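Protein chains in written order, with my numbering: chain A, 1 to 114; chain B, 1001 to 1111.
Don't read these hints as lab results, they were simulated from the structure.
It should be emphasised that the depicted structure is a prediction, and the values quoted were computed from it without experimental measurement.
Among the hints, a few may not be true.
If you want a taste of the chain A side facing chain B, the calculated C-beta under 10 Å gives, among others [claimed, not checked]:
| no. | residue |
| --- | --- |
| 1 | 35 |
| 2 | 40 |
| 3 | 88 |
| 4 | 106 |
From the three backbone atoms N, C-alpha and C, an ideal C-beta is built for every residue, glycine too.
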Amino acid sequence: ETGVTQSPTHLIKTRGQQVTLRCSSQSGHNTVSWYQQALGQGPQFIFQYYREEENGRGNFPPRFSGLQFPNYSSELNVNALELDDSALYLCASRGLAGQPDTQYFGPGTRLTVL
Amino acid sequence: KQEVTQIPAALSVPEGENLVLNCSFTDSAIYNLQWFRQDPGKGLTSLLLIQSSQREQTSGRLNASLDKSSGRSTLYIAASQPGDSATYLCAVDSGNTPLVFGKGTRLSVIA
Chain A
1 ETGVTQSPTH LIKTRGQQVT LRCSSQSGHN TVSWYQQALG QGPQFIFQYY
51 REEENGRGNF PPRFSGLQFP NYSSELNVNA LELDDSALYL CASRGLAGQP
101 DTQYFGPGTR LTVL
Chain B
1001 KQEVTQIPAA LSVPEGENLV LNCSFTDSAI YNLQWFRQDP GKGLTSLLLI
1051 QSSQREQTSG RLNASLDKSS GRSTLYIAAS QPGDSATYLC AVDSGNTPLV
1101 FGKGTRLSVI A
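With the hints as constraints, model all of the structure from the sequences given.
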């Protein structure tokens, strides 16, 4: 157990809908990153939040957006869902942005878009 | 742009065998390299983290080495067990950048 929790565990949506995924970071960690993992692939970086500000973004369109709250928990929002958005979404937390330390991953949310 | 490659993509071995998983990366300017384990449909469990100044790290039957200059890391698993069956991912942290992952090696240990 890493102390990072995600909800929901599984989710089924239809194309065009919107979805919100949630992540609670490990206690004391102020940096949260989100990754998308398609089947058979390694995780791909979506974006990172540090103290409620986005401070890094991967090659994902604007319909992928996020928030970080004062308690450092985070949300990932995806609008206008597409079939290719079906994946495992992982969040990871660590202590200080830019510091080389271990990232702790949550169990993930499995999103299926029909 | 950092790229991470893992070889082999899949591996099947009999129980008790020692094995090596390989990870290579294109940019040697890294802060650390991390090995993860992933069970089917689950999240990532950190196994070992090697700082750029280190050559290896050990945890139980696992030993990870790092050769930064050649852009290579290996994960050695001794006396493999069926419970070791999982996908093993390596990820590179270049500092102030997100982790860059390989596609993983899917390991099956046959009893």
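Non-conforming hints, listed in increasing numerical order: No hint contradicted; all consistent.
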